[in-house]
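Chemist: Here is how the chains run, residue by residue.
There are 2 protein chains.
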Amino acid sequence: MIGRLNHVAIAVPDLDAAIAQYRDTLGADVAAPQDEPDHGVTVVFITLPNTKIELLHPLGEGSPIQGFLDKNPSGGIHHICYEVDDILAARDKLQASGARVLGSGEPKIGAHGKPVLFLHPKDFTGTLVELEQA
Amino acid sequence: MIGRLNHVAIAVPDLDAAIAQYRDTLGADVAAPQDEPDHGVTVVFITLPNTKIELLHPLGEGSPIQGFLDKNPSGGIHHICYEVDDILAARDKLQASGARVLGSGEPKIGAHGKPVLFLHPKDFTGTLVELEQA
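Chains as they are written, first to last, in the numbering used here: chain E, 56 to 189; chain Y, 56 to 189.
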């Protein structure tokens with residue numbers, strides 16, 4: 056069911072420092088920060104030859120990654136995103152298997168403008184998994 | 056400097072449960088477990104179209120992932136691995152930038168039979184980064 060690894064998302068407390076680490080120290084292809092007010096984050100896309108890294112930094116009050124940074128002050132990997140062909144079919148199969156879909160269970164439009172869902176970390180090896188319809 | 060994302064490594068407390076989640080629930084291509092006694096882990100490779108996920112489970116006494124699982128009993132993402140063309144050149148550039156290489160600084164032969172180094176998480180957004188010479 057799952058296809059490509061779309062991205063690995065890393066929450067960072069200091070966006071400028073993280074950009075410098077990836078651009079200057081690791082020599083990666085780092086884009087300019089993009090504010091995503093609907094998602095409460097500023098995102099920096101890092102393009103690797105086969106996938107993407109996304110740096111996430113809180114934007115505004117009540118950012119969904121603030122709690123994670125409170126628990127992990129140095130930052131850390133927040134979630135991984137797998138692509139699926141049909142997000143509703145994927146959701147139905149997951150729920151039939153007993154896996155918990157976060158929120159209402161209805162896909163939302165993610166930061167890439169595509170339908171996404173998040174799965175409960177306890178059902179997937181302690182890892183927050185995002186599914187994105189490719 | 057960094058190239059492809061070689062893999063995302065996820066430490067898991069229950070290997071059979073994690074295999075079932077990825078193979079049956081997520082429908083991924085999951086290989087048989089491989090014991091790596093030199094590295095203190097049993098590894099399960101999950102092949103995605105563009106990269107790999109590696110499930111890590113402690114093997115024997117003093118496994119390098121036991122401490123992580125003690126802190127994260129449900130499991131979680133343990134490290135990410137980027138490919139480099141020349142690991143000694145990468146190490147020298149990183150150390151000149153002030154980044155800390157774990158251990159002696161000399162590459163070791165990793166689970167794939169290729170030279171690897173690990174970088175200090177505090178220097179890279181709280182994320183344990185492995186570099187592997189591709």
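I should point out that these hints are in silico values taken from the structure, not numbers from a laboratory. A few of these clues could be false.
A pair counts as met if it fits within one copy or between any two copies, since identical chains are not told apart.
[As the list claims (entries may be wrong)] DSS-like cross-link-like pairs, simulated, lysine-lysine; straight-line CA separation at most 30 Å:
| hint | residue 1 | residue 2 |
| --- | --- | --- |
| 1 | K107 | K169 |
| 2 | K177 | K163 |
| 3 | K107 | K148 |
| 4 | K126 | K177 |
| 5 | K163 | K148 |
Chemist: Against this structure, judge whether each hint is valid.
Modeler: Outcome of the hint check:
In this assembly of identical chains, K107 and K169 lie within 30 Å of each other by CA distance both inside one copy and across copies; the values are 16 Å within and 23 Å between. Taking the closest pair of Cα atoms, K177 and K163 come within 30 Å of each other only inside a single copy of the chain (21 Å); across copies the shortest separation is 33 Å, beyond that limit. Proximity of K107 and K148 under a CA criterion of 30 Å is satisfied in both settings, with 27 Å inside one chain copy and 23 Å between copies. In this homomeric assembly, K126 and K177 come within 30 Å of each other (Cα to Cα) both inside a single copy, at 17 Å, and across copies, at 15 Å.
When the C-alpha separation of K163 and K148 is checked against a cutoff of 30 Å, the pair qualifies only within one copy, where the shortest distance is 18 Å, while the shortest distance between copies is 42 Å.
In summary, the structure agrees with every hint in the numbered list given earlier.
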